[in-house]
Every structure is written in C-alpha cells, then in structure tokens.
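From first to last, the protein sequence lines stand for chains F and E.
Per the numbering used here, the first sequence starts with residue 1, numbered consecutively.
Per the numbering used here, the second sequence starts with residue 1, numbered consecutively.
Derived by calculation from the structure, the hints in this document are not laboratory data.
Yeah, the Cβ is synthetic: ideal placement off N, Cα and C, and Gly gets one too.
It cannot be assumed that every hint is accurate.
DSS-like mimics (lysine-lysine), calculated; alpha carbons at most 27 Å apart, straight line [stated by the list, open to error]:
(1) Lys239/F <-> Lys36/E
(2) Lys75/F <-> Lys50/F
(3) Lys56/F <-> Lys75/F
(4) Lys56/F <-> Lys197/F
(5) Lys195/F <-> Lys161/F
(6) Lys197/F <-> Lys176/F
(7) Lys269/F <-> Lys279/F
(8) Lys36/E <-> Lys104/F
(9) Lys36/E <-> Lys85/F
(10) Lys206/F <-> Lys36/E
(11) Lys116/F <-> Lys75/F
(12) Lys116/F <-> Lys104/F
(13) Lys36/E <-> Lys75/F
(14) Lys85/F <-> Lys75/F
(15) Lys206/F <-> Lys56/F
(16) Lys36/E <-> Lys161/F
(17) Lys36/E <-> Lys197/F
(18) Lys239/F <-> Lys197/F
(19) Lys269/F <-> Lys230/F
(20) Lys56/F <-> Lys29/F
(21) Lys36/E <-> Lys155/F
(22) Lys197/F <-> Lys155/F
(23) Lys195/F <-> Lys206/F
(24) Lys36/E <-> Lys191/F
(25) Lys206/F <-> Lys29/F
(26) Lys230/F <-> Lys116/F
(27) Lys116/F <-> Lys204/F
(28) Lys116/F <-> Lys36/E
(29) Lys161/F <-> Lys239/F
(30) Lys36/E <-> Lys256/F
Label-pair ranges, simulated between beta-carbon atoms [unchecked claim]:
(31) Asp165/F <-> Ile63/E: 42 to 52 Å
(32) Thr120/F <-> Ile4/E: 39 to 49 Å
(33) Leu224/F <-> Gly25/E: 28 to 38 Å
(34) Lys239/F <-> Glu50/E: 44 to 54 Å
(35) Ile63/E <-> Met227/F: 54 to 64 Å
(36) Arg263/F <-> Glu10/E: 48 to 58 Å
(37) Tyr99/F <-> Glu42/E: 17 to 27 Å
(38) Glu42/E <-> Glu79/F: 15 to 25 Å
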Amino acid sequence: MRGRYFMIGKGGVGKTTCSAALSLKLSEKFRTLVVSIDPAHNLGDVLGLKLDDRPKEVLGNLWAVEVNIDNVVRKYLNEMVSNLKKIYKYIEVINLDRYFDVLKYSPGVEEYAILKALSTYIRSDYDAVVFDTPPTGLTLRVLSLPNVTSVWLEKLIELRKAILDRRRTIESISGKNYDLPSREEEDGVMKELLKMKEDTDWLKEKIIESRIFGVVNPDELSYLEMMRAKKTLEELGLKLHALIVNRVEGDVNLEKFRELCDRVYVVGKTERTGLERLKIIAESLP
Amino acid sequence: MEYIEFELKELENVFALMVLGSMVGLPTPPTPVAAKILPHMERELRVMLERSDGMCLGEIASIFDI
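Please build the complete structure, drawing on both the sequences and the hints.
Put into structure tokens, the structure is as follows:
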C-alpha cells in the first residue's frame with residue numbers, strides 16, 4: 001500500500017534488513033524510498049551500496065537515503081542562530097561552529113533534528129516511504145515530540161489570547177489605540193504560535209496515519225521491549241500496525257507475539273546475503 | 001482600568017517566564033518554539049525584568065489606594 005512506514009525495535013533485531021526487504025516489496029508496485037534516520041547507519045551495508053544524504057536509485061523503482069543527522073543538526077542550529085542574530089547583533093562575532101560539539105549533545109537537539117529529517121521525507125512525493133529508525137528509546141522520543149510541542153503550543157496560545165483580550169479591553173476603555181498589538185492578526189507572537197501549531201498538527205496527523213511495524217526476535221528480551229514500546233505508542237495515540245518476528249529458527253511458540261498484534265509476519269533465518277536475502281525476506285512480508 | 005493593566009502585565013510576565021523559564025530553572029517549551037517567538041517578545045521581556053525588580057509593589061499599593 002502507498003503511505004509512510006516506520007520500522008521500530010530494539011537495536012540489532014534486524015530493523016534495517018526488514019526495512020530494506022519491505023521497501024523492495026513495495027517497490028514492485030510503487031515508487032518507493034527507504035530512509036535511514038538512525039545516526040548509526042547500516043542501510044548501505046544491507047543494500048550493498050554506498051549511500052549518502054541524497055536519495056540514490058537502488059533498483060528501477062526503489063531509492064535509498066541515509067540521513068546525515070550531524071548535518072541536519074548543524075543546519076538546525078545555524079537556522080536558530082541566524083534567528084538570534086536578528087536580536088543580538090554582537091553574536092556575529094561568535095563562531096558557533098566551535099561550540100557545535102557541545103550544542104549537538106544538548107537535550108532535545110538530536111531528537112529535533114531527526115524529526116526535521118522525518119518531516120522532510122514524509123512530505124516528499126514518493127508513493128511509499130519506509131523509515132528505518134534508531135533503537136526504540138530514541139525513536140519513541142522523536143515520535144512523541146509533536147505531541148509535547150502541541151501541548152506547549154496550546155497552553156501558550158491560550159495565554160496569549162488572554163493577553164490580547166486584556167489589551168483590547170484597555171483599548172476600548174481608554175478609547176485610544178494601544179501601541180501594542182492587540183489583535184491576533186497583528187501580533188507577531190500569535191502568528192508564529194498559530195503557524196507552528198498548524199505545522200505540528202499536520203506532522204502529528206501524518207505520523208498517526210503511517211503504519212508502524214515492530215521488529216522482534218523470538219526471544220524474551222525483545223518481546224518485553226516491544227511490549228513496553230506498544231504501551232508507549234498507545235499513550236501517544238499510535239498503533240502497532242504489524243509485528244515482524246525475525247530470525248525464527250525451528251519450532252518457536254509465537255502465541256505471545258500474536259497477543260501483541262493482530263498481524264504477525266514470521267521471517268526465518270537465511271544463509272543468503274545481499275539482495276537475494278532481501279527477496280527471500282520480502283516474500284514473508286505483506 | 002488600573003486593575004486590568006496590572007493583570008495584563010502579570011499575564012505578560014507569566015508568558016515570558018513560560019517561554020524563557022530555563023533562565024530561572026523552570027522547564028521550557030521545546031527550544032524551536034521559544035526561538036521562533038523570542039524576536040517578537042521585547043515588551044514581555046521588559047515586563048519580566050521590571051517584575052523581577054520588585055517594582056510591582058508600588059503598583060499594587062496604588063491599585064488599593066494605599
């Protein structure tokens with residue numbers, strides 16, 4: 001099906017391989033892009049290609065890209081600084097690049113950069129986009145950002161409305177035009193808040209519409225982590241669309257995995273490598 | 001009128017504190033939100049600084065005619 005797909009799971013369970021296999025399958029019908037947003041990329045290794053942050057054609061209908069998170073962080077920080085430069089003229093003399101390594105590890109920066117990369121590719125005109133994500137913890141934090149931002153924006157907008165309301169009251173009592181903006185359409189703060197709210201809600205909607213695939217191995221640890229991930233997703237209003245049990249060998253009881261999700265796809269172990277291997281895996285997928 | 005003006009300033013003060021709370025140890029909204037609206041917040045910042053100076057006591061006194 002057309003749409004946006006996320007592959008989530010614990011580190012090392014085979015998310016990248018499953019993302020590549022799923023996108024291979026999708027590319028039979030649709031123009032497909034597989035995007036690695038994991039700062040520790042190995043999509044290129046799986047596809048046997050050298051990838052960078054420009055989509056590269058893998059097969060007739062399949063493109064792949066590895067987002068360089070460092071570059072996105074740098075771009076994001078530069079944007080922020082150029083915004084600040086408008087207020088603090090003297091900041092021109094500060095060379096931000098020298099502080100890049102510190103800023104990069106500030107709370108929230110990496111998540112925001114990943115989210116930015118996400119929204120760029122969600123917007124792209126590919127029929128299907130498959131996201132190979134970082135290990136569960138970071139991914140869930142990224143996916144929860146639009147919700148967190150939205151809550152903040154709602155509260156700030158509410159407060160701003162109260163402020164503008166008081167200003168209008170003062171205007172009508174004094175009969176004079178206030179020197180401060182009192183209407184939503186002339187208030188810079190309100191305009192920015194409303195625009196951000198619109199963008200955030202759009203992204204939230206797109207993430208809800210997308211299909212989230214969980215990848216697990218048939219062992220207890222990855223089962224437990226997926227159970228917790230599912231709970232967090234539900235708190236964010238998101239649903240686990242399907243579960244891929246990867247590297248199944250012999251007789252494994254999959255009952256508990258079926259309890260986690262209605263759709264369970266079982267992928268066996270294979271000795272093959274490269275595209276051959278992906279094709280075999282793709283056969284087990286929807 | 002005086003009362004509404006006082007209330008307005010208080011709201012502006014709270015608004016600035018919510019956006020820039022990290023300066024006084026409060027949790028802040030996601031950084032991009034603060035960075036986007038900061039350039040439009042000159043008035044709120046002034047009010048916040050004025051408030052932190054303790055200047056509002058006089059204002060309260062005048063509202064209550066003390």
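A quick look at each hint next to the structure:
no.	hint	verdict
1	Lys239/F <-> Lys36/E	violated, 32 Å
2	Lys75/F <-> Lys50/F	holds, 23 Å
3	Lys56/F <-> Lys75/F	holds, 22 Å
4	Lys56/F <-> Lys197/F	violated, 33 Å
5	Lys195/F <-> Lys161/F	holds, 15 Å
6	Lys197/F <-> Lys176/F	violated, 32 Å
7	Lys269/F <-> Lys279/F	holds, 13 Å
8	Lys36/E <-> Lys104/F	holds, 19 Å
9	Lys36/E <-> Lys85/F	holds, 12 Å
10	Lys206/F <-> Lys36/E	holds, 23 Å
11	Lys116/F <-> Lys75/F	holds, 10 Å
12	Lys116/F <-> Lys104/F	holds, 15 Å
13	Lys36/E <-> Lys75/F	holds, 15 Å
14	Lys85/F <-> Lys75/F	holds, 15 Å
15	Lys206/F <-> Lys56/F	holds, 24 Å
16	Lys36/E <-> Lys161/F	holds, 18 Å
17	Lys36/E <-> Lys197/F	holds, 12 Å
18	Lys239/F <-> Lys197/F	holds, 23 Å
19	Lys269/F <-> Lys230/F	holds, 25 Å
20	Lys56/F <-> Lys29/F	holds, 18 Å
21	Lys36/E <-> Lys155/F	holds, 16 Å
22	Lys197/F <-> Lys155/F	holds, 11 Å
23	Lys195/F <-> Lys206/F	holds, 17 Å
24	Lys36/E <-> Lys191/F	holds, 10 Å
25	Lys206/F <-> Lys29/F	holds, 22 Å
26	Lys230/F <-> Lys116/F	holds, 24 Å
27	Lys116/F <-> Lys204/F	holds, 13 Å
28	Lys116/F <-> Lys36/E	holds, 15 Å
29	Lys161/F <-> Lys239/F	violated, 34 Å
30	Lys36/E <-> Lys256/F	violated, 47 Å
31	Asp165/F <-> Ile63/E: 42 to 52 Å	violated, 20 Å
32	Thr120/F <-> Ile4/E: 39 to 49 Å	holds, 45 Å
33	Leu224/F <-> Gly25/E: 28 to 38 Å	holds, 36 Å
34	Lys239/F <-> Glu50/E: 44 to 54 Å	holds, 50 Å
35	Ile63/E <-> Met227/F: 54 to 64 Å	holds, 58 Å
36	Arg263/F <-> Glu10/E: 48 to 58 Å	holds, 54 Å
37	Tyr99/F <-> Glu42/E: 17 to 27 Å	holds, 26 Å
38	Glu42/E <-> Glu79/F: 15 to 25 Å	holds, 21 Å
In terms of the numbered hints stated before, the structure departs from hints 1, 4, 6, 29, 30, 31, listed from lowest to highest.
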